[in-house]
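Visitor: With these hints in hand, go ahead and build the complete structure from the sequences.
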Amino acid sequence: MEDSPLVQIKGIRDGLLVTLGQAPWPDLLTALLARIERQPDFFRGAHLALDVGSCALHVQELAALRDQLSERGISLWAVLSESPLTETTAQNLGLATRLSKPRPPQVPETSEKIPAEAAKWVRGPLRSGTKIVHEGPVVVFGDVNPGAEIVAGGSIIIWGRLRGVVHAGAGGDESAIVCALELSPTQLRIAGEIAISPRKPAKNQPEVARLANGHLIAEPWQKQ
Amino acid sequence: MAAQVVTISSGKGGVGKTTSVANIAVALASRGQRVACIDGDIGLRNLDVVMGLENRIVYDLVDYVEGRCRLRQVMIRDKRLPELYLIPAAQTRDKTAVSPSDMVRLCDELRSEVDWILIDSPAGIERGFKNAVAPADRVLVVTNPDVSAVRDADRVIGILDAEEKGPASLVINRVNPSMVKRGDMLSVDDVLDLLAIDLIGIVPEDENVIVASNKGQPLALDPKSKAGQAFQNIARRLMGEDVPFLELETPGLFQRLLGRKQR
Chain W
1 MEDSPLVQIK GIRDGLLVTL GQAPWPDLLT ALLARIERQP DFFRGAHLAL DVGSCALHVQ
61 ELAALRDQLS ERGISLWAVL SESPLTETTA QNLGLATRLS KPRPPQVPET SEKIPAEAAK
121 WVRGPLRSGT KIVHEGPVVV FGDVNPGAEI VAGGSIIIWG RLRGVVHAGA GGDESAIVCA
181 LELSPTQLRI AGEIAISPRK PAKNQPEVAR LANGHLIAEP WQKQ
Chain A
225 MAAQVVTISS GKGGVGKTTS VANIAVALAS RGQRVACIDG DIGLRNLDVV MGLENRIVYD
285 LVDYVEGRCR LRQVMIRDKR LPELYLIPAA QTRDKTAVSP SDMVRLCDEL RSEVDWILID
345 SPAGIERGFK NAVAPADRVL VVTNPDVSAV RDADRVIGIL DAEEKGPASL VINRVNPSMV
405 KRGDMLSVDD VLDLLAIDLI GIVPEDENVI VASNKGQPLA LDPKSKAGQA FQNIARRLMG
465 EDVPFLELET PGLFQRLLGR KQR
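Residue numbers (my numbering), protein chains in the order written: chain W, 1 to 224; chain A, 225 to 487.
Hint data in this document are derived by calculation from the structure and do not stem from the laboratory.
Each hint should be verified, as a subset may be incorrect.
Straight-line Cα separation of at most 30 angstroms, BS3-like style, residue types lysine-lysine; simulated pairs [stated by the list, open to error]:
{"id": "1", "chain 1": "A", "residue 1": "LYS303", "chain 2": "A", "residue 2": "LYS405"}
{"id": "2", "chain 1": "A", "residue 1": "LYS448", "chain 2": "W", "residue 2": "LYS131"}
{"id": "3", "chain 1": "W", "residue 1": "LYS120", "chain 2": "A", "residue 2": "LYS389"}
{"id": "4", "chain 1": "A", "residue 1": "LYS236", "chain 2": "A", "residue 2": "LYS389"}
Which residues of chain W face chain A? A few of them, derived with a C-beta cut under 7 angstroms, are [unchecked claim]:
{"id": "5", "residue": "GLU61"}
{"id": "6", "residue": "ALA63"}
{"id": "7", "residue": "ALA64"}
{"id": "8", "residue": "GLU71"}
{"id": "9", "residue": "ASN92"}
{"id": "10", "residue": "LEU93"}
{"id": "11", "residue": "ARG127"}
{"id": "12", "residue": "SER128"}
{"id": "13", "residue": "GLY129"}
{"id": "14", "residue": "THR130"}
{"id": "15", "residue": "ILE132"}
{"id": "16", "residue": "ASN145"}
{"id": "17", "residue": "PRO146"}
The beta-carbon is built from N, C-alpha and C at its ideal position, and this holds for glycine as well.
Guide: Laid out in structure tokens, this is it:
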């Protein structure tokens, strides 16, 4: 049998990158497993990243695949996809969704206005180990627990308690703000500035953090 | 009636998973239930020690999975209670000796034999944890009232949600009321506030737990022990009874909690 055009394999720095073609998921899965069956020794112990293209995958499908791979001695560590559903699924399962994360440039760039509709909406609670990365603003409905992390290109708005790590304006936007009903982050960053929560216990009121003259300040939110 | 599979997990090690499994199993069995517990901690087994059955092991979980024995041969009958069984882990292998689908197959075969299957998950969120959670109908997350245990529990609860095994129920173990009163320990309220899941048990700190574990005699059989009583209550709640939470020495705090649960 010829190499299936549905399954392309490439060696990369972090292990193997398998790129799947355009086909319904069951066909892709069959093709992938068949490919592995032909050279089980080659794949055993492999550190595998999978590019599923635009395929939209639910938790059960991805978890089943991970288990099937793991039974063959292959550890799946990353799933790349153009589908936001698949990306979210992969993140929920603790898989990486990009090969190597380029650090966001720390040099402040000219702040580009990001259109409001590019905001990402997340329902909480964000539990320890969850990481949300988004180019625009992020809105969370619920708590952000210690151990959770949000990196946003724009502002971060949390309708709940913030106790994790947040980085607003990660692309260098110094006008980004962070606000939460209770602002007691493990660490808070805006653009290139980093601060830790000085107060304990937190004030029981909504607060806004922003950059003023290069310093991070947090102040109670009041009707303007 | 087919058995319910309950996995006991925590993320962090040393919070009392194995103790909880042994005590809840004994408590269920003392109420006439047929119970099998599976030690999921392959390579670091100790549920057998806590249950006082280590000298009876002939076959283990890996022997069963690899086809060297039948199901009945791997089930060790408890010496005190007639319908309590232990399926021990292998001590000489590691977690990769068993796959999630092996665990599902084992539990499917066990379901017709017993009423409850309790699985003791190893610490961590890797292969052993995935094995333990794969067959679960329900997961109990054990935590202690300290910041690092709660953080790990939070992570595990998130993973369980992602794997569609949630919502998990919470057991808060080793609560020391006088430390809570002094403000040196997180209160039950603090823990619940952060984790935001249902509570199924509050177990007070009790030195006798260690003594009992060393002797291989789970405390749930001792009617005088507060911790044992707390485990009995967890068993009753699993069986669907509505049991109020134990009052520890600082009633104000726990009464507030009771008020909250009764809402």
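Visitor: Confirm or reject each hint.
Guide: Outcome of the hint check:
no.: 1; hint: A/LYS303 with A/LYS405; in the structure: violated, 41 angstroms
no.: 2; hint: A/LYS448 with W/LYS131; in the structure: violated, 46 angstroms
no.: 3; hint: W/LYS120 with A/LYS389; in the structure: holds, 26 angstroms
no.: 4; hint: A/LYS236 with A/LYS389; in the structure: holds, 19 angstroms
no.: 5; hint: GLU61; in the structure: violated, 12 angstroms
no.: 6; hint: ALA63; in the structure: holds, 6 angstroms
no.: 7; hint: ALA64; in the structure: violated, 10 angstroms
no.: 8; hint: GLU71; in the structure: holds, 5 angstroms
no.: 9; hint: ASN92; in the structure: holds, 3 angstroms
no.: 10; hint: LEU93; in the structure: holds, 6 angstroms
no.: 11; hint: ARG127; in the structure: holds, 3 angstroms
no.: 12; hint: SER128; in the structure: holds, 4 angstroms
no.: 13; hint: GLY129; in the structure: holds, 4 angstroms
no.: 14; hint: THR130; in the structure: holds, 6 angstroms
no.: 15; hint: ILE132; in the structure: violated, 12 angstroms
no.: 16; hint: ASN145; in the structure: holds, 5 angstroms
no.: 17; hint: PRO146; in the structure: holds, 6 angstroms
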